[in-house]
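Chains E and C are the protein sequences, given in the same order.
Last residue of the first sequence: 332 (the working numbering), numbering continuous.
Last residue of the second sequence: 577 (the working numbering), numbering continuous.
Keep in mind the hints are simulated off the structure, nothing from the lab.
Some hints here could point you the wrong way.
[Said to hold, decoys possible] Per label pair, the in silico range of CB-to-CB distance:
| hint | chain 1 | residue 1 | chain 2 | residue 2 | range |
| --- | --- | --- | --- | --- | --- |
| 1 | E | Ile258 | C | Glu505 | 51 to 59 Å |
| 2 | C | Glu391 | E | Ile127 | 34 to 42 Å |
| 3 | C | Glu468 | E | Phe29 | 34 to 42 Å |
| 4 | C | Ile418 | E | Ile305 | 38 to 46 Å |
[As the list claims (entries may be wrong)] Simulated crosslink set (DSS-like; lysine-lysine; CA at most 30 Å straight-line):
| hint | chain 1 | residue 1 | chain 2 | residue 2 |
| --- | --- | --- | --- | --- |
| 5 | E | Lys195 | C | Lys518 |
| 6 | C | Lys395 | C | Lys438 |
| 7 | C | Lys518 | C | Lys438 |
| 8 | C | Lys438 | E | Lys193 |
| 9 | E | Lys195 | C | Lys397 |
| 10 | C | Lys438 | E | Lys223 |
| 11 | C | Lys486 | C | Lys360 |
| 12 | E | Lys7 | C | Lys438 |
Glycine included, each C-beta is placed from N, C-alpha and C at the ideal position.
Below are the chains, spelled out letter by letter.
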Amino acid sequence: MPIKTLKDALSFRDLPVWERIGFILFIIFCLIFPWITKGGFAQAVMIQFLIFCLYGLGWNLIGGYGGQVALGQAKNVGMSAYTVALLMVRWDIPFWVSTPMGVIVATVESFILGSFLFRLRGHYFAIATIAVSLVWQQLFINWNFVGGARGIELPLKETPNFLYMQFSSPIYYHYFAFLLVMGAIFYMNWFRKSKLGYQLRAITSSEDVSESLGINAHWVKVKAYCITGVFAGMGGAFYTVYYNYIDPFSVMHLELSIMIALMTMIGGAGSMWGPIIGAMILIPLDRYLGAWLGGRGIIGVDFMIYAVMVMVISAYEPRGIWGIIEKAQRKR
Amino acid sequence: MALLEVIDLTKDFGGVAANNRISLEIEKGEIIGLIGPNGAGKTTLFNCIVGYHKPDKGEILFKDKNITGLKPFQTNREGIGRTFQIMSISGDLTLLENVMIGSFCKTSDRRVARQEAAEILNLLELQEVSEAYMNELPVATQKRVGLAMALATKPELLMLDEVASGLNPKETEEIVALLQKIYGMKGLTLFLTEHVMEVVMPISQRIVVLDGGQKIAEGIPQDIANNERVIKAYLGDKYVKGRKN
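Given only the sequences and the hints, what does the whole structure look like? Please build it.
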């Protein structure tokens, strides 16, 4: 069974050739990127892109394949980020030990919340996830033990330290984030062919029909939500050591949750590459345009462009950019 | 031992008794038809057995086990399969993949599920469209896919909800032949609710008639066709009086 699972994860044979070529180009691009760019800003944007790929790939599970409008990915990111930061700052526990703990906290939180929240459906579920996110954020803003609104700063080590993930060059962070994203892609490649993947897609089209086929819809959704938590947890842990600083506004903010969901929807929710395409377009757009316009004193225009883009794409093709690409391919 | 036993089942919806003290038994290997005019309570009875509704009173026993109040996925795992009038399934998946969802009920191995799904598609003569998408197919084929999905969960009792609704006479004939073929090959027990008499009469070994939430008759098809209460329920008092004159 494990060998079959591994084979399913690593095999992309069922995909069309052009998709496989695109994937290889993506890998090559990520591998050579640090060597072809010189600016620190470009590399920082690239790492942010990779972090968002991870968030998006995770959200795609419950939001895309599962069709649930869960707007609380930021709290999973935050749970893990805070666990890692606290363990590292207060007890000096290395990254490699604190990260699994962070991921476990995010997953357990997802499990407990999911068990309750999935009793709700549709809009009610979406609203409940927003409400829970806001409550968590307020708690963290007012909780002194975790630094309150000031957040937590990780002390810098004197020399680069692998145990604490402190490096002298962003290249190391780039490759580590790239490895995480690759892991996530292989997982998703297995997932889309797995029992859970099929069951989740069945639930999206009709819960009643899928229950009549022996699927425990509630439990399947909770499982998917937990896996989403794992992805967010990994992202949150990496975020903490990359920026060396977290606060409730950077890792617990509703805006982050919405950004992750929108990005995936624009790229193509419920498709393998959708989250990556979404992040590829929106992250550079957001950062470059934001910096460029902000430098000229025009604040907020980037958000307007962003919003118009979301509207135009979703009006034209609800399945996002990936939907447009697929349509074009089928016409050929 | 009866395969399915419904004892005094009652279900109210806001004061309307959709099912009122209904009792029936289904033996293993039987084909039972459930008929009745619109609003007779057929679908409610189906939904109570499968678990979409919780009965207010009464018991449902399947293989002597009390399954009253179990959820649909639990009754499915016990061995009850069910089709819907409109089986809305995933448009993003091919037929084969949709049927695989049913197969995954009993296995976690994708290859096994694929193999079983392909076999069922062959059985239902759908192999040629196995890579097609649901929204590309005519209603008659969609109905057969619904049947294939339910069969993939390997039920002992298959409950068919209006399997011929929306089909033309030729398609109806085909689906009846298909049901007989499946019945013969799989040794299933079939329980079907239907409006179309051309489906129920030739295929059923026994028929249960509901009207106004109550069971008004039960018997072999010939007797049911001549039963006064049944004729009255379907065609009204006037027709019965006219027949007597």
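Give me the numbers of the hints this structure contradicts, sorted from smallest to largest. none
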